[in-house]
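Chain W is already provided as a structure; the job is to place chain L on it using the hints.
Chains as they are written, first to last, in our numbering: chain W, 27 to 357; chain L, 3 to 671.
Calculated directly from the structure, the hints in this document are not laboratory data.
Remember, predicted model here, so these are calculated numbers, not experimental data.
Some clues are possibly wrong.
Covered stretches of chain W, as calculated for chain L (at least 3 residues, CB under 8 Å) [unchecked claim]:
(1) 105-114
(2) 228-240
(3) 264-278
Note that beta-carbon positions come from the ideal geometry of N, C-alpha and C, so glycine has one too.
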Amino acid sequence: MTSNGKPKFAMYWAASCGGCEIAVLNIHEKILDVDANFDVVFWPVAMDAKYKDVEAMEDGSILLTLFNGGIRNNENEHLAKLLRQKSKILVAFGSCACEGCIPGLANLSPVGEIVHTAFSTLSTDNPHEIYPRVSFDVPEGELHIPKLEPILRPLDQVVDVDYYMPGCPPESHQIAAVVDLVIKVLRDEAQLPPKGAVIGAGNSTVCDECKRTRNVKFIREFKRIQDIAPVDPTLCLLEQGIPCNGPATRSGCNARCPSAGAQCIGCYGPAEGVVDYGARLITAFSSVVDAREPEEIERILDGIPDPVGQVYRFNLAGSLMKAAKPAWQKA
Amino acid sequence: MSEIKQERVGVYVCHCGSNIAGVVDVVDVANWAAEKLKHQGVVIAREYKFMCSSLGQELIEKDIKELGLTRVVVAACSPHLHEKTFRTAAKNAGLNPYLVELASIREQVSWVHTDKAVATEKSKAVVSGAVSRVIENVPLEELKVPINPNTLVVGGGIAGIQAALEIANAGFHVYLVEREPSIGGHMAQFDKTFPTLDCSACILTPRMVEAGTHPNITLLTWSEVEKVTGFVGNFNVTIRKKARCVKEELCTGCGICEEKCPKKVIDDVFEAGLGYRKAVYTPFAQAVPKYPVIDKANCTYFLKGTCKACEKFCPTGAIDFNQQDELVNVEVGNIILATGYDLFDARRVSNYGYGRLPNVFTSLEFERLSNAAGPTNGNIVLRDGKTTPKSVGIIHCVGSRDKNFNNYCSVICCMQGLKFAHLVHERTGATVYNFYIDMRTAYKAYDEFYQRVLEEGTLFVRGKVAEVTDAGRNEREKGKLIIQVEDTLAGKQRRIPVDMVILSSGLQPRADAKEVGKLFGISCSTDGWFTEKHPKLDPVATMTEGIYIAGCAQGPKDIPSSVAQGAAASARVLDKILQKEVALEPVRASVDQEMCSGCRICNGLCPFNAISFLEDRMVTEINPALCQGCGTCVAACPAGAISGTGFSNEQILAQIDGLLLRNIEPVEA
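Isolated chain W, as found in the complex (with noise of 0.2 Å):
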């Protein structure tokens, strides 16, 4: 406890694009409610901090501790070891620390194509060929960045993680319903949900809140969404042959994007029984392609044009292949 005797709250980004954050401050005057019940000891995005404040803090003095990213190099590593160490509750905010999400596509390629591709691609004016040193001497002494992993690893590849938050970004509405049970619970008037649960969002999958109506599948064709005009407004996507992932991903956003007209792409993760999130999809599009012949399921298969991107765009670090020992070892 703080002398102003609030429990404390810690958030902390790690490989992630900020869409977490700013989808916590999206919660609007619910804002208020954090910074009433809670003490913010430690946010680098909202207000200034040094990791030796956190060293210093005793252990599990932290009540409450957000984590979005997932761990790309050794700093990420430390901070994610650092804050189990300081919190009570530490969970995995947003798909990012809960499975990998975009940055965990990055698994698909060592460590020194990924560099060559951010510093010397046509989008990047590297003339000098300038490439990123952990450690550079200066005259001032020498200067490190973080070292990156052979690969991206979820939250609970690195650590022990109490709790699961999905989405990319979580939506608003189940941040602000989080924020309302932790409250509650430090008012005794709830009990936090067993270790390991995944909070703020619904057992069931997307298609449980999708609106459109579905037939029995048989799919002669797989499109982009770009090639259907119209897309009917009211029959399942998949039936019209657009690859949506509804069927495999985790309730908890209201169909957001079906029902905007676009197929779910999975930011809310696997569906509460779903071991790997890929293989399930793969199969279940498969198992609907209606022909017998090899070369017309073939044809059928190769209208989804990045297959490893459509299944497992969210999830390819935390499936069950994760990454193979030799990733380590050749990094």
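For chain L alone, kept in the frame of chain W given last:
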């Protein structure tokens, strides 16, 4: 991972004589399991020479009782062979049989590896996987469903007729479906049978009549099976009864329609293209049933809209040009497939000249030539229809034992060739040459027949014929068919001029065997024959329960073997019928309705129609009596809402962890 459950696991490693122990250090595997898997709950690990022996089984039963085992892993052969044995042993000792797992260290280890050290390590991993898995197993109870006592027999050749009669005589109903207008199959086309030279028709037709008049047999000729649903004990079969254009209830089979029909058609089915039939016809005089069919593709009325001669002359008004195909639905408990074979198309061996050289005949053509009821009244003559050949060459193994066509031996061709030689001798006195690769006259009284044909003076040339040609090189060869062959016994090339060549063609799977297999849910071998459950010990059952095979559909065979298989299949069916109910494996899929969001991806997938969608609650449901536990919907469910008993995520993931030795903890010092 969930916390480690405290089960008491027994591990039993089988030597299988030297089958496993020759390649795997079984003692090391057992010791390793006892030590390294102890923390998982392994309380005893033994190795034994033959776990499947009564002594081996008793060993397990004793341990279950005395050590209080709650799980058993047997590291032995594939579950296909002995899963049932060990499950029964567990049951005898009071343990739920589904708490037993087999780790296949024979088929998946010792038989596929030679390096003993590596094989032993792999065996440990396989055992480790099975131990991790068996801990996640749950007790299951078998499902009992009643068996419908009716049987469907597909194919009305001798194998199908035999099977149908056996079951019908035992007092149970049979639906016998035949694609052609009459039952009888290939046997009805033959003149004589080897080696007894019985008149084929004389021994077959009584059986046909019996099948046609049997009160327990519903004959559905000119019919084909279109759809099969359900499972053992409860199949629902849709049969298309093609329009005969003849009212069976009025037709007396007098044959006037056939006599008056002005349209002659080459009969390339029954007469093998050697004779004619009419557009309205019964394939042969003794056809069962006696009702003719109108061949719509050739009937003048159907082609031009006039004629109707048959209708005019029919004394009972049985002709009905407007008759439509009829779909008949029958419910049966078991199905026997006796769909027979196709004759190898001798045209494919172009160097033998069939189809190009008129006096080259196929075996089936020769059967019709020599048949007293055939187009020549049994006179063996050349294609001109009058000249009797003075010399005849019979070529064996046409299309068989040949890498260019079929690798297998067609079994019947040697005896068929010998039969032909005898008939030619007897009826024409011609000089007969038989060209063979190896003479295969196994089985009762077959070789004696060979001796007899030798004594009759038939000349035998051992060698594969290279070519049959009409390009004579000298006077002696002029106007003849010359057989070019390497005589491997004399060690020289020979050219033998003859008047007539008979190709003893092989047998091959029906052209549509694959589709038929799919329809009934059974598979075909690479050659295309239906695959039996076990090549030695279960030759008439298939991997699909309730579906049996008999006769040449399973592989080339002669008449006695086909009859024996027909009878064997019927015995298997009667066994099932008399059990009255069948215990279904409790491996079933079920839907967690909390997790199902009604996406309907699984709805069209079930091969057994066990899935239904509840519109009002927007969830899917699986009927456990119809579900066969195939797992298609389990794999397809994107929400992971469908799970299969015996194959839960927990079991499979635990087994993977075990295989990868992730369950091994450092042993305490």
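Hint check results:
1. For the segment 105-114 of chain W, the stated coverage by chain L is not satisfied: 0 residues place a CB nearer than 8 Å to a CB of that chain, which falls below the threshold of 3.
2. Closer than 8 Å: that is the beta-carbon criterion, and the segment 228-240 of chain W has 7 residues meeting it against chain L, so the requirement of 3 holds.
3. Three residues within the 8 Å Cβ limit are the bar, and the segment 264-278 of chain W against chain L gives 5, so the coverage statement holds.
Checked against the numbered hints listed earlier, the structure breaks hint 1 alone; every other hint is satisfied.
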